[in-house]
Amino acid sequence: MSLLLAFSTALLFSLGTYLLLQRRLSRLIVGLGLMGHGANLLLLLSGGRRGVAPFIGATKGERVADPMPQALALTAIVISFGVTAFLLALAFRSWQLTGDDLVEDDVEDRRIAGALAALADEEVADIEAMAAAGADAEAGGPALGEEDGP
Amino acid sequence: MHAALGLALLAGGRRLGRRSFLVAALSPAAALAWAVAHAGGIVDGDVIHASQTWVPALHLSLDLRIDGFSLLLVLLVTGIGLLVQLYASQYFAAGRAGLHRLAGLLLVFTAAMLGVVTAANLLALYVAWELTSVTSYLLIGWTDEDPKARASALQALLTTGAGGLAMLGGFVLIGQSAGTYDLAALAARPPTGTTVSVGLVLVLVGAFTKSAQFPFSAWLPGAMVAPTPVSAFLHSATMVKAGVYLIARLAPVFADQGIWRPLVLSVGLVTMLTGGWRALRQHDLKRILAFGTVSQLGFLVVLFGVGTPEATEAGVVLLLAHALFKACLFLVVGVIDHQAHTRDIRALGRYGPGWLGPKVVAVAAGASMAGIPLLFGFVAKESAYDAFAHGGVTGSGVVLAGLVAGSVLTFAYTGRLLLGAFVPTRPGSAPASGAVAPIEPPPAPALAFWAPAALLGTLTLVLGLVPGLASGLVSSAADSLDPGVHPVHLALWHGVGRPLVLSGLTLALGALLVAGRVAVARVQSRVPHPVDGDAAYLGLVRGLNRVADRVTGFVQPGSLPVYTGVILLTAVVVPGFALLRSPFPDLPPLATGPGDWAAAGLLIVGGVAATVVRERMAAVLCLGAVGYGMALVFVLQGAPDLALTQVCIDTLGAVVFVLVLRHLPKRFNERPTVIGRTARLVISALVGVFVFVFIVVAVGVRVEPPVSTAFIDRALTEGGGRNVVNVVIVDIRGFDTMGEITVLAVAAIGVYSLARLSRREGRELRSFAPLRGPSSKPQDQR
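One line per chain: the protein sequences are G and Z, in this order. Using the working numbering, read the first sequence as starting at 1 and increasing by one per residue. Using the working numbering, read the second sequence as starting at 1 and increasing by one per residue.
Keep in mind that the hints were calculated from the coordinates and are not lab data. Among these hints, one or two may not hold up.
Claimed, not checked - To list a few chain Z residues with every Cβ distance to chain G over 10 Å, as calculated:
1) Gly-179
2) Trp-277
3) Val-573
4) Val-626
Said to hold, decoys possible - For the chain Z half of the interface with chain G, some residues (derived, Cβ under 7 Å), not all of them:
5) Leu-560
6) Pro-589
7) Ala-591
8) Thr-592
9) Gly-607
10) Leu-623
11) Gln-637
12) Leu-642
13) Gly-653
14) Leu-664
15) Pro-706
16) Ile-729
17) Leu-754
Glycine is no exception: its CB is placed at the ideal position from the N, C-alpha and C atoms.
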């Protein structure tokens with residue numbers, strides 16, 4: 001482990017984050033790719049020891065590299081490829097539908113955030129109706145029968 | 001058994017319609033027969049136990065235990081349940097939809113209520129308690145097309161449900177400090193301490209909500225939108241007694257602890273007085289009864305809550321009396337409503353022949369409620385006065401005065417009820433606002449219709465004349481609550497004493513209020529409404545909704561970058577604090593060889609370039625460069641497998657990118673806001689710093705040998721491979737690899753279907769291009 005590689009890892013994460021916080025889907029994918037690389041480096045570096053490849057029989061007493069982080073990183077590489085491919089397909093689809101690969105805000109969420117006052121839930125409406133009826137009964141409105149005839 | 005039949009009715013009773021009530025009546029009839037058969041033994045002091053393990057791991061079991069007090073309530077629940085089912089079969093029109101649902105729910109409720117009164121441990125009681133809340137909700141909201149019914153049902157559920165939760169908390173506090181949830185064990189060795197006091201207050205909150213005590217009483221009058229049989233059963237005779245039942249069970253044990261007694265007495269008295277006062281304001285027969293029930297429940301809470309033997313005994317008597325006369329009155333009101341189609345006391349008053357029976361029954365039950373001699377209600381009231389007349393508890397004078405005042409109000413609203421229902425309003429005496437036209441005399445009801453009410457009324461009269469009949473039942477009930485109770489001898493005539501004087505005073509003052517009811521109404525209309533739980537409830541619900549909207553609007557702005565940013569910040573900040581507290585190790589060397597410089601250079605330059613370039617293709621190429629830099633690091637770190645995979649994937653990835661990107665515009669065109677850019681910079685800088693510190697610390701503080709030492713030792717002998725990384729992937733972490741393959745397969749399916757979708761759409765667009773018009777534009781660009 002060297003300071004230089006640690007710095008590179010941190011930088012990859014940082015750049016990936018910067019790209020991930022954008023709206024453009026293709027930049028977002030690049031950002032994820034950078035972050036994925038950073039994560040693999042992180043795994044490998046925090047494994048600690050640097051050594052020769054872990055092949056049994058091929059080493060002559062040198063320090064062997066830790067195989068565990070390598071196996072994890074290998075899985076991660078493949079998975080991030082799958083994710084990238086899927087996101088690319090999404091970007092392609094988005095471009096087909098809108099002519100762009102911009103991730104828009106969720107319209108429904110925006111409506112809720114924007115129109116707080118105009119919100120009228122069904123329950124609230126019911127309760128208001130009951131309050132009105134209750135006040136009516138107190139004020140002396142007619143108390144009608146509840147049942148239909150025999 | 002009830003529950004099973006009830007559920008069966010819910011499921012398959014649609015065809016039975018009105019007759020489903022008769023089927024449903026079988027079940028309480030059987031239970032009533034069983035209870036009567038065992039009554040003799042229980043009155044003599046036997047206790048019936050039944051136990052069924054429930055969640056053995058948590059030592060939870062469903063214990064049932066029937067002693068004298070439980071027996072009294074079991075008799076009430078099953079007896080009134082039976083009558084109500086019979087009554088309902090006459091009450092509803094034959095063709096009405098959903099009757100089987102009502103009958104089934106009534107049965108399920110009966111089962112739950114029996115569970116409440118027979119549960120032997122607190123947790124079983126809680127479960128049954130919540131079941132009654134839920135069935136009550138469903139029954140109030142039975143006419144589900146009526147928004148008023150829905151809202152009232154919701155109010156009842158929210159109020160009693162919140163109380164139930166408080167109660168559960170209280171139960172847990174008490175149960176944990178006592179080490180047992182068993183009621184009998186608790187009574188034998190009551191726990192003490194602050195925890196228990198807090199728990200008791202919580203339990204009392206639950207009991208108050210259930211029994212509609214001030215300030216939680218608003219839901220009960222609202223619940224009157226339920227059909228009258230439901231109101232008669234749940235909201236006067238049984239369910240609202242659950243809170244009283246609980247108080248009665250706990251009071252002899254806990255009454256001396258903490259603020260139990262002042263709390264219970266003040267809440268009960270306030271409830272009794274405000275309930276009675278508001279009953280005098282109503283024009284609707286059912287609402288008069290509802291507020292009357294609130295008032296009487298307050299009375300019961302006072303009696304049971306004190307925890308002295310005399311008061312407990314009086315409470316038992318009043319409990320029985322109230323169930324009899326109140327259910328009876330509800331049933332008669334239901335008859336009137338059914339025949340006359342109104343419950344307004346300003347419209348009612350003229351009846352044809354054939355109404356004599358219901359009238360007599362109602363007057364008898366009403367007189368019992370008002371506490372007129374020769375009826376059972378009088379016996380109950382006498383014993384209540386007697387309990388407090390001898391003092392013994394601090395403030396018993398005040399309580400006694402409150403009880404007398406409450407009883408005067410009771411007399412007054414009884415008068416309002418009976419006179420309003422059966423005496424025509426004189427023309428001109430009604431206030432101008434109540435312009436309700438009197439109705440024609442309604443047709444007389446069938447005998448079978450009012451027979452259940454008549455039966456209850458007769459019981460009230462018989463028990464009033466010969467109270468000794470109930471002595472055995474009452475004394476065994478009171479005795480099971482509090483062993484200190486002397487054997488009870490109920491009698492009509494206790495001789496001249498303070499109770500009798502107070503009764504006379506009550507009757508006189510009550511009669512005065514009835515005689516001057518026009519003046520009383522005038523005073524009522526001037527006095528502002530007393531503090532109202534309804535308004536508080538409304539405000540609470542509205543406020544809650546508003547807060548929920550605000551919170552949703554704040555945390556869900558609908559923007560993906562904001563969401564991602566929040567997630568990343570959380571990921572950095574939360575473990576970051578832990579990182580700051582850990583010892584910072586020595587820094588590793590800057591570089592371990594020239595290879596480091598080369599690899600780091602490739603990574604840094606490639607990464608920065610991929611981020612800042614404005615052309616898509618260039619960004620992808622830079623990403624590829626970073627990938628090759630990674631491969632170099634892998635080689636340096638002794639991971640040739642990884643390097644190989646990285647190169648393959650990188651090349652493949654670049655191809656896929658190019659396939660997609662050739663469609664997209666060449667350059668990114670975006671103008672980010674200043675705030676957005678600053679926030680992005682800050683967050684990404686934080687992430688970078690965090691990762692850097694994390695690596696250095698993680699490598700420096702390592703103390704344990706890695707698990708993979710064993711992997712290397714066993715790879716050849718057990719895994720059969722020389723490449724340890726391969727053995728780890730296919731053998732040691734085989735399941736992980738299975739998952740990985742699955743993820744890849746899912747991603748492949750997703751990619752394939754997205755690509756296919758667009759191809760098919762493309763074909764359609766081409767064939768319908770003239771129709772679709774503008775939407776086919778993206779295709780043209782291709």
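Verification of the supplied hints:
1. Gly-179: holds (42 Å)
2. Trp-277: holds (13 Å)
3. Val-573: At roughly 14 Å from the nearest Cβ of chain G, Z:Val-573 sits farther out than 10 Å, so the non-interface label holds.
4. Val-626: Check fails; 6 Å does not lie beyond 10 Å.
5. Leu-560: Hint holds; Z:Leu-560 Cβ to chain G Cβ min 5 Å, cut 7 Å.
6. Pro-589: holds (6 Å)
7. Ala-591: holds (5 Å)
8. Thr-592: Status holds, d = 5 Å.
9. Gly-607: holds (5 Å)
10. Leu-623: holds (5 Å)
11. Gln-637: holds (5 Å)
12. Leu-642: Nearest chain G Cβ about 6 Å off; hint holds.
13. Gly-653: holds (6 Å)
14. Leu-664: Constraint on Z:Leu-664 satisfied, holds at 6 Å.
15. Pro-706: With a closest approach of 5 Å, the Z:Pro-706 hint holds.
16. Ile-729: holds (5 Å)
17. Leu-754: OK, holds: Z:Leu-754 within 7 Å of chain G, min 4 Å.
Checked against the numbered hints above, the structure violates only hint 4.
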